[in-house]
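Trainee: Full structure from sequences and hints, please.
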Amino acid sequence: MPQVSMTVNGRAVSGEVEGRTLLVEFLREGLRLTGTHVGCDTSQCGACAVHVDGKLVKACTAFAAELDGAEVTTIEGMAGADGSLSAVQQAFQDYHGLQCGFCTPGMVMAGAALLEENPRPSEADVRQYLEGNICRCTGYHNIVKAIMAASGQEVEPVAAE
Amino acid sequence: MPKDTGIGASTKRREDVRFLTGKGRYTDDIDVRGQAHVVFLRSDVAHARIGGIDTSEAEAMPGVIRVFTGRDFEGVGGLPCGWQITDRHGQPMQEPAHPVLAQGKVRHVGDPIAAVVAETRQQARDAAEAIMPDLEELPAVIDMKAALAEDAPKVHDDLTSNLCYDWGFVEENKAATDEAFAEAAHVTTLELVNNRLIANPMEPRVAVGDFNAATGDHTLYTTSQNPHVIRLLMGAFVLGIPEHKLRVVAPDVGGGFGTKIFHYAEEAFCTFAAKALGRPVKWTSSRSEAFMSDAHGRDHVTKIELALDAQNNFTALRTETYANMGAYLSTFAPSVPTWLHGTLMAGNYRTPLVYVNVKAVFTNTVPVDAYRGAGRPEATFQLERVIDLAARELGVDPIALRRQNFITEFPYQTPVAVEYDTGDYEGTMKVLEEKADLAGFAARRKESEAKGKMRGLGVNCYIEACGIAPSKLVGQLGARAGLYESATVRVNATGGITVMTGSHSHGQGHETSFAQVVADMIGLPEDMVEIEHGDTANTPMGMGTYGSRSLAVGGSAMVRATEKIVAKAKKIAAHLMEASEGDIELKDGTFTVAGTDKEVAWGDVTLAAYVPHNYPLEEIEPGLEETAFYDPNNFTYPAGAYACEVEVDPETGQVTVERFTAADDFGNVVNPMIVEGQVHGGLAQGIGQALLESCAYDEEGQLLSASYMDYAMPRAHDLPMFTVDSSSRTPCTHNPLGVKGCGEAGAIGSPPSVVNAVIDALHSGGHRVGHIDMPLTPARVWAAMNGAVPNMGAAQPAARTDATTEARSVGGPATRT
Amino acid sequence: MYAFDIERPTSLADAKALLAGEAQALGGGQTLIPTLKQRLADPGTLVCLSGIAEMKGVTSGPDGVAIGGGTTHAEAAEGLKDAIPGLAYLASRIGDPAVRNRGTIGGSLANDDPSACWPAGALGLGATIVTDAREIAADDFFQGMFTTALEDGEIVTAVRFPVPEASAYSKMIQPASRFPLVAAFVARFPDGVRVAITGASEDGVFRWREAEGALSADFSPEVVTGQPEGPMIADLHGTADYRRHLCAVMTRRAVRAALDGTGGLSSAGA
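Chains as they are written, first to last, in this note's numbering: chain Y, 1 to 161; chain P, 162 to 978; chain D, 979 to 1248.
Please keep in mind that the hints were generated in silico from the structure rather than gathered at the bench.
Any given hint might turn out to be false.
In silico SDA-like pairs for lysine to any residue, Cα to Cα no more than 20 Å straight-line [what the hints assert, rightly or not]:
#1 P:K164 / Y:Q93
#2 P:K184 / Y:G77
#3 P:K725 / P:T817
#4 P:K164 / Y:E161
#5 P:K315 / P:R210
#6 P:K315 / P:Q264
#7 P:K731 / P:L747
#8 P:K612 / D:K1059
#9 P:K436 / P:E481
#10 D:K1034 / Y:G69
#11 D:K1059 / D:G1239
#12 P:K614 / D:L1243
#13 D:K1059 / D:E1143
#14 P:K173 / Y:Q93
#15 P:K731 / P:D696
#16 D:K1034 / Y:D68
#17 P:K306 / P:A762
#18 P:K173 / Y:A79
#19 P:K748 / P:D688
#20 P:K173 / Y:Q90
#21 P:K759 / P:G684
#22 P:K614 / D:R1234
#23 P:K173 / Y:E161
#24 P:K612 / D:L1128
#25 P:K184 / Y:G10
#26 P:K732 / P:D688
#27 P:K184 / Y:D94
#28 P:K184 / Y:L31
#29 D:K1059 / Y:G69
#30 P:K184 / Y:G80
#31 P:K164 / P:E860
#32 P:K173 / Y:S86
#33 P:K748 / P:E760
#34 P:K173 / Y:R20
#35 P:K184 / Y:Q93
#36 D:K994 / D:G1208
#37 P:K596 / Y:E156
#38 P:K184 / Y:R32
#39 P:K164 / P:I781
These numbers come from a predicted model, not from an experiment.
Mentor: Here is the structure:
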């Protein structure tokens, strides 16, 4: 069985995997990092999205064995060491960008990847960038708002009495 | 100044932090020490007789612990149906057995034939492939009307036909309704399909069964909206486990939308097998498996007729609906096309006579049950479409026609049994006109036309019955359960509060909004209140979350329990301050004696309750913990008016939603931010139904839309920013919070306005199209523009082709290698 | 998935040796992995091409642009921006961002899905597909749905694209799978115009010769009339008639985009 070593959320990890072990299985079952979710089996929902060497990747559509030496960041690695939320995470809470929370890790990872590539995206840019992430709860409205707010742009405030 | 705490504040959700940091605990995150894994072998044909099942090769494979078949479940109860319908002739519905694993026949693609328990999931799957069932394929019935033909193959050999029931409502109104049609000045008739959908919560279902042989205790971890209901149904009807020996835990659940209400075979299997094997047993559904094993939604074929007099007043409404039950009766399936549908056919209008006929039909398809809205979207869609068509036929403004027929006086007794307690349909319509800037539509249409696009405006109203439900009433209607809710409020010695509720939160934000209510009632910071739910071991008997009921029913139980707490705390405070109980006031977490400067803090009272040194022990018990059960005495009736503006590309038929505005009346609102979020999500699902989503079978019963390759989920760029407003408020008159429920409104209210808008756009471009069945895909709209009749009024099979993208693109490379 | 061994060669020579047996090449895996998950393939050994540096990157030269077979869609989109904006647009809208970060041009061409984007770009530009053994003209490479001129074990190491005067890609997206329902790539060269259509034909990507003729005479959208012949794909998302109709619509839109220099456009929702 192949041996893989990678850096996950800044920590060096290694282990034996089968050829068919997916990155998401290595994370969830091997490392018990269960924040990365599996929502489909045809590589379409994006719930499993993580960053591999800084790029957005579906952890359900890459083999762990292919990623020897890679730097992987999962949702568990997004907050600061002191527990403070990243700008994208905080905006998701501030603007109610999540409901059931299941797609949320993928959405946060996608949002963060977008802002790396495009620090001031338009609404259309955000919507297009999320084309590989499905949310069934929010209608995307507040996800889009949250990502735009995280980029420092003005958005409508949340509803209030 | 916006409220920043308590009822009415947009408090940020406390549950978000764990979800945003990957620390949620969903069922698939739970691994019980020593667990084995089960994989189900599911039927790949729609209908077949099982000759025999050769499991010998599978049993010999590495890691296999045991292979189960239907034979292992002989003598075990079948999955129960929770609602009995009585038909037009006073007879009970036909109710087939629903075994945990198929016995004798398989009846839909996905029906479980056998279950392999092995050390790993991969080993179980390897072995499942090695099972050789001897299946004698039988002709399948997929089309509902064909299923009712005299010589149709029967889904269940022991039933007299494929007709589950033929329901008439209100049967006594039938003759008068027919008479009103005979006398009508105008009758508008429309045949339409309410497309079959798959709920698709992003978290697939999971079940983990565990058994402690030493104590005889069973535990089931499951992705459920209502763990108590699962405990009752599975314990009492399937496996014969008394409730005190069965714990059901539904931890963080990744969305439900109805499809996680029901008791499923996999839950019973894992619980059963854990005891049989002395090992915890885990099942995790793949998405592909979910498509053929989660209950589906909608799937009605309807003919609706509206009668009007010469002044355009609605005089009567008559409908005939075929409702697909699928191959078995899922938990609440029979109630959806009947009591959750027929009772809403009056809509927001004063139609004096309504007659609804529903024929529920068994077919060789996945069972159909409640999906967000459940029956009410089907009622709203047909009613609001036929009104739009009537307006077009009569050449009158569709909003004016609705207005003219609005119910304006409350309470209002409809001709379909329910009594609306309160409402203001003109009020929401006025909000809609303003927020949607309907006055500006003509100018926007010109702009679209300048770009070569057709623009349309669609408006509709909706009403729903939520806050399910008065137990006495639903008992008379055939429900085999009560529909109250419960709450225990436990005040701790140092003043913090734990609320245990039977309502389950799987996206609705109860942990935040329920805490707002209790904190507000006592005047405490919200973080002094914790909400616990989802575990039958530490919450009182509850009925769970569906039908937009959590705040209206569960919240009311919580209010009642908190009222008991406050009453008792006042007694303690009176004792501490040596005052009369009647003079005690509670404000901002402090007890005062009216007319004096005496006061005692909340924490002093709670401490006294648990350290009763100075305490009226002769009058009241120590401690501060109260439970309340709340059973509503009516449904709640959220209502509203929605407007959709679309552009249609005349060359491709592509529809884009340019603007969507929702004006809702939810009564009082606890957390406006969460309420808006609920509406957004409902709108996305309703727009998804109207434009994208279709669960399609071919004529042999193969599920064509069997993955996200072919089932189109709405994505971010399929939707616009929404304008939602719930400022028009007529508080519910019969629950203590005055709330009505907001979870389903968006999904109920949005499909008709989308379709109305597309039809309006097509007319503006000279295409005199009467109706197009959902989803209004580009191909269907283009066909309609070009004179074709795309699937209009046709029953299943929804598809006229057996080809899919998945089969081609994912299956393609494999066929080469 | 069935069990398999995975090999991770770092040179083309090693990869070739490993593929000599029953092994199957793994590019970015964005189609192959879902296929393996459904147990529709049982390769025994997968030879992972992503570690081969010599198969990566975009280089521009006087003869055009060469893209390594192991280059991801995202890298290709970036590298093509200035040289061939129409092709850059095509690459920038394949699948979704995560797919574009893993999926490769070589994998896509070797797979030859009848609804894939790259085959339209390769055929529309008259690319040369370079393998470890030979060079194949795009016109000879695509031989029907999922069928190419590649021999077993032959690896697409690079693709060479001539630089057109103008080009653009227009696609109608199938909203579930995100593949094109129908898409057209149009490229204008000094000696004529090429039009390649994907997503439509049961024979896979094809050149629409009638449209090419008309556009070579007059490169304007209005001249694209009529419909291509041949058997069209019919599925849940569109009838054969609808797809045939879309061929002309997408071609006209691609021509317009080529004239405007916008690179292309995709149908989207709101």
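Trainee: Would you check the hint for P:K612 and D:K1059, treating anything up to 20 Å between C-alpha atoms as holding?
Mentor: 28 Å, violated
Trainee: Would you check the hint for P:K315 and P:Q264, treating anything up to 20 Å between C-alpha atoms as holding?
Mentor: 16 Å, holds
Trainee: P:K184 and Y:Q93: Cα distance at most 20 Å?
Mentor: Holds, at roughly 15 Å.
Trainee: Does the alpha-carbon distance linking P:K436 and P:E481 stay inside the 20 Å limit?
Mentor: The hint is violated at about 48 Å.
Trainee: Taken at face value, is the distance from the CA of P:R210 to the CA of P:K315 at most 20 Å?
Mentor: 12 Å, holds
Trainee: Keeping to a limit of 20 Å between CA atoms, is the pair of P:K759 and P:G684 held or broken?
Mentor: Given pair P:K759, P:G684 holds - Cα atoms ~18 Å apart, limit 20 Å.
Trainee: Does Y:Q93 lie within 20 Å of P:K173 when you go C-alpha to C-alpha?
Mentor: Answer holds: P:K173 to Y:Q93 is near 7 Å, not above 20 Å.
Trainee: Is it true that the CA of P:K173 sits at most 20 Å from the CA of Y:E161?
Mentor: The given pair, whose Cα atoms are some 14 Å apart, holds under the 20 Å limit.
Trainee: Is P:K732 close enough to P:D688, meaning Cα to Cα at most 20 Å?
Mentor: 25 Å, violated
Trainee: Between P:K173 and Y:R20, does the CA-CA distance stay at or below 20 Å?
Mentor: Not OK: P:K173 and Y:R20 at ~42 Å, beyond 20 Å, violated.
Trainee: When you check the alpha-carbon spacing of D:K1059 and D:E1143, does it fall within 20 Å?
Mentor: 14 Å, holds
Trainee: Given the hint that P:K748 pairs with P:E760, does the C-alpha gap stay at or below 20 Å?
Mentor: Distance of about 10 Å is within 20 Å: holds.
Hint check: violations occur at hints 3, 8, 9, 15, 17, 24, 26, 29, 31, 34, 36 and 39; the rest are consistent with the structure.
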